[in-house]
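Visitor: Sequence:
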Amino acid sequence: MTRIDFLAVNDASPEARLHLAARLTQRALREGRRILIACTDAGQQATLDSLLWTFEPESFIPHATDIADPQSPVTLCTGEECGDHHDVLINLQSPAPAFFSRFERLFEVICQDPSILSSTRANWAYYKSRGYPLDYKTV
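In the UniProt record's numbering, the protein residues as written are 1 to 139.
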């Protein structure tokens, strides 16, 4: 069963949410995990794509936007396709993508923007009603 963690940042800006997603990606990558980041749309995907290249001054997070790229440890997607990924899903979409249950770990990344809080609460209720173990942390 997929282990689901909700991680919240005490900031209302979407940029803070993306920075948290980047930090989480970096940590999972260091652990040798393969990561899929489910973005809300092409604009968010482009912003996160740029952030992952510049996130750390001395390094970058290698990634791709093509879900069919088997070489990439990190992939950004915008749709309902997840390719051959099944390790770590970092979700920025709402409602939750239909493919979430094929992943070992799922991270819902939250900021204090009212619309994002509302949509992630809906995701929480959805997962809970289906019996998934849930955890919530403020970082």
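Simulated from the structure, these hints should not be mistaken for laboratory data.
Given the structure is predicted, the values throughout are model-derived calculations rather than measurements.
Hints are supplied without guarantee of correctness; some may be wrong.
To be verified - Computed spacing ranges between beta-carbons, pair by pair:
{"no.": "1", "residue 1": "128", "residue 2": "54", "range": "18 to 26 Å"}
{"no.": "2", "residue 1": "113", "residue 2": "68", "range": "30 to 38 Å"}
{"no.": "3", "residue 1": "70", "residue 2": "13", "range": "30 to 38 Å"}
{"no.": "4", "residue 1": "41", "residue 2": "139", "range": "30 to 38 Å"}
{"no.": "5", "residue 1": "1", "residue 2": "54", "range": "30 to 38 Å"}
{"no.": "6", "residue 1": "129", "residue 2": "60", "range": "34 to 42 Å"}
{"no.": "7", "residue 1": "47", "residue 2": "10", "range": "32 to 40 Å"}
{"no.": "8", "residue 1": "54", "residue 2": "130", "range": "20 to 28 Å"}
Glycine included, every Cβ here is placed at the ideal spot set by N, Cα and C.
Visitor: Now tell me if each hint is right for this structure.
Guide: Status of the hints after comparison with the structure:
no.: 1; hint: 128 to 54: 18 to 26 Å; result: violated (37 Å)
no.: 2; hint: 113 to 68: 30 to 38 Å; result: holds (32 Å)
no.: 3; hint: 70 to 13: 30 to 38 Å; result: holds (34 Å)
no.: 4; hint: 41 to 139: 30 to 38 Å; result: violated (25 Å)
no.: 5; hint: 1 to 54: 30 to 38 Å; result: holds (36 Å)
no.: 6; hint: 129 to 60: 34 to 42 Å; result: holds (39 Å)
no.: 7; hint: 47 to 10: 32 to 40 Å; result: violated (21 Å)
no.: 8; hint: 54 to 130: 20 to 28 Å; result: violated (38 Å)
Violated hints, in rising order: 1, 4, 7 and 8; the structure is consistent with all others.
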